[in-house]
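2 protein chains.
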Amino acid sequence: MSSEFDLIARHFHRPVKRAVLGVGDDCALLAPVQGQEMAVSTDMLVEGTHFLADTDPRRLGHKTLAVNLSDLAAMGAVPRYATLALAVPDARDAWLTHFAAGFFALANRHGVELVGGDTTRGPLNLCVTIFGEVPCGQAIRRDGAVSGDDLWVSGTLGDAALGLLALREEASLGAAERAFCIGRLESPEPRVDLGLALRGVATSMIDLSDGLAGDAAHLARASGTAARINVDAVPLSFALRGQPQARRLRCALAGGDDYELCFTAAADQRDLVVAIGRSVGLSLTRVGSMFERAAGSAPVLLVDGDGRALPAMRGYDHFGAPP
Amino acid sequence: MSSEFDLIARHFHRPVKRAVLGVGDDCALLAPVQGQEMAVSTDMLVEGTHFLADTDPRRLGHKTLAVNLSDLAAMGAVPRYATLALAVPDARDAWLTHFAAGFFALANRHGVELVGGDTTRGPLNLCVTIFGEVPCGQAIRRDGAVSGDDLWVSGTLGDAALGLLALREEASLGAAERAFCIGRLESPEPRVDLGLALRGVATSMIDLSDGLAGDAAHLARASGTAARINVDAVPLSFALRGQPQARRLRCALAGGDDYELCFTAAADQRDLVVAIGRSVGLSLTRVGSMFERAAGSAPVLLVDGDGRALPAMRGYDHFGAPP
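Those sequence lines, one after another, are chains V and G.
Using the numbering used here, you'd call the opening residue of the first sequence number 330 and step up by one each time.
Using the numbering used here, you'd call the opening residue of the second sequence number 330 and step up by one each time.
Any given hint could be a false lead.
No distinction is drawn between identical chains; accordingly, a pair holds when it is met within one copy or between any pair of copies.
[As the list claims (entries may be wrong)] As a list, the in silico SDA-like pairs of lysine to any residue whose alpha-carbon atoms are at most 20 Å apart:
id: 1; residue 1: K346; residue 2: D385
id: 2; residue 1: K346; residue 2: D472
id: 3; residue 1: K346; residue 2: Q365
id: 4; residue 1: K346; residue 2: L525
id: 5; residue 1: K346; residue 2: A429
id: 6; residue 1: K346; residue 2: H439
id: 7; residue 1: K346; residue 2: V560
id: 8; residue 1: K346; residue 2: A595
id: 9; residue 1: K346; residue 2: R576
id: 10; residue 1: K346; residue 2: R557
id: 11; residue 1: K346; residue 2: G466
id: 12; residue 1: K346; residue 2: D561
id: 13; residue 1: K346; residue 2: T426
id: 14; residue 1: K346; residue 2: V603
id: 15; residue 1: K346; residue 2: N437
id: 16; residue 1: K346; residue 2: R507
id: 17; residue 1: K346; residue 2: C465
id: 18; residue 1: K346; residue 2: R579
id: 19; residue 1: K346; residue 2: S566
id: 20; residue 1: K346; residue 2: A575
id: 21; residue 1: K346; residue 2: V609
id: 22; residue 1: K346; residue 2: R622
Read the hints as simulated data drawn from the structure, not as lab findings.
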């Protein structure tokens, strides 16, 4: 057996239970499930763009799957399968062992079976396609928000962006804050349980990968509405609260990699939303509301606690200026 | 809208008909089809490993999808959907336009809908996940070959490998031979119709991406048998027939990127197999047969037309020595 296939088999060939056929043939085979739609998403992580060269491979294995699970969470889908294609510069065995350990630890927690993959030589690149199931018609899409809905987010925002600043030595943090923020950056916890619990309650949902301002704009645009965000209501961790005001805002509103959920729900569902958050162990915070978008106006309006308008802020953009 | 999302939308956002939801949300949504299994495969193409930096982007768009369609063909699955993740070093608009044109021209021919994707900055890397449908239990797997089966291949082998030698100026070819072989390398035609027509006839199948010797070994191993290949029977194009014997053998048996199908069928199905080839406009050639594998012996035995054993030959291996 050639070394390429050895590598694949050794690190990523696990038996499957749910899939009809897993890794090892030209294709995997998945059985249809009556009444369930298949939710599918793909994400590519590139060294230097999405993570630093010296990132711990176990954490990277976790994150590679986590960002994809987050997309399923944002649709209210149950994770089922994944494929993993990876390019590595050389046949680095210890690295692959740790990467696989992080990947499968998270996969096992969510019942995800790795059913296919590709391993090749090249600059480090990790591409996962994820498959989930959601009852027909019950997926939570981006386009369901209506004027008057509340806008909610889970957890705290901006920690990962602050973690990146810390790694680049562009922000100096205490030891606890630094460890917390780098953990948030490198080991995001996809909000799968929350996504499932919000079926039938959230009118629209997106996961926060590019920053609240930009991602809320995606929701608003898809729904044909606008979002008013009270920046003073955005939930901040102990780590971010200790930072200067400008950095706080920038990290929480335009920082990437939060992987929290942002969703809308009718205003009469507030008690239910809070209860759902409690049931999955996550704080949910109302950060604004949706309103009718006037022609030619921006999809997101930032205001402070006194209702004063603030300048617009862009989401993270791989081809634009650095955040 | 940020430039990253502009790029995605402009080049890869096409309306879908079959899918419930296409590009533009956190996930695509695919409706279940009663009685059909979903066949899934993923392939990653990397600049410098799978294609040269100056490859025509239209051809590259074609090939990126073609190698994935070839995996569906090898299972006897009908192509349905694809996702495309790509890393590009910069927001190269003309390149993306041509790449998308090549990708969608082939996608449209096979009724494939692009339902999801990711665009990011990084060394050029193209990752497609492909989805097809095959009636439950009818997929043609690698593990069904039995001793006594014939071993068949479609088309001619080794042309792409010779094309790569020509591009590297390591082989000198006439103009017609050169154009033909580079075309075979850069614009492979996935044998989707053949794969479908072989359902119920082929006992096992694989697509030839790493060379006949290596890929036949995969079939043999998965099936618990061995393959005897008559190298004098391997079908060669006019271009390869003009090459020295050693290069002919090397390209046809250990060259990558053929994307022909290699399959087994019972010996009493010969007339039917030939008729199937004719019905889809492809020549099919019997290149050997399967036999019981003795413990400790190789999965592939190469012999010449007089039955004399030849030295073993490895398939293409991204981490091994160059072919």
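Hints and how they fare:
no.: 1; hint: K346 <-> D385; in the structure: neither (30 Å within a copy, 42 Å between copies)
no.: 2; hint: K346 <-> D472; in the structure: between (35 Å within a copy, 18 Å between copies)
no.: 3; hint: K346 <-> Q365; in the structure: both (18 Å within a copy, 18 Å between copies)
no.: 4; hint: K346 <-> L525; in the structure: neither (23 Å within a copy, 27 Å between copies)
no.: 5; hint: K346 <-> A429; in the structure: within (19 Å within a copy, 37 Å between copies)
no.: 6; hint: K346 <-> H439; in the structure: within (14 Å within a copy, 31 Å between copies)
no.: 7; hint: K346 <-> V560; in the structure: neither (46 Å within a copy, 40 Å between copies)
no.: 8; hint: K346 <-> A595; in the structure: neither (40 Å within a copy, 31 Å between copies)
no.: 9; hint: K346 <-> R576; in the structure: neither (47 Å within a copy, 45 Å between copies)
no.: 10; hint: K346 <-> R557; in the structure: neither (46 Å within a copy, 34 Å between copies)
no.: 11; hint: K346 <-> G466; in the structure: between (27 Å within a copy, 16 Å between copies)
no.: 12; hint: K346 <-> D561; in the structure: neither (48 Å within a copy, 43 Å between copies)
no.: 13; hint: K346 <-> T426; in the structure: neither (23 Å within a copy, 42 Å between copies)
no.: 14; hint: K346 <-> V603; in the structure: neither (36 Å within a copy, 38 Å between copies)
no.: 15; hint: K346 <-> N437; in the structure: within (12 Å within a copy, 34 Å between copies)
no.: 16; hint: K346 <-> R507; in the structure: neither (40 Å within a copy, 48 Å between copies)
no.: 17; hint: K346 <-> C465; in the structure: between (23 Å within a copy, 17 Å between copies)
no.: 18; hint: K346 <-> R579; in the structure: neither (45 Å within a copy, 40 Å between copies)
no.: 19; hint: K346 <-> S566; in the structure: neither (40 Å within a copy, 44 Å between copies)
no.: 20; hint: K346 <-> A575; in the structure: neither (50 Å within a copy, 46 Å between copies)
no.: 21; hint: K346 <-> V609; in the structure: neither (27 Å within a copy, 37 Å between copies)
no.: 22; hint: K346 <-> R622; in the structure: neither (48 Å within a copy, 29 Å between copies)
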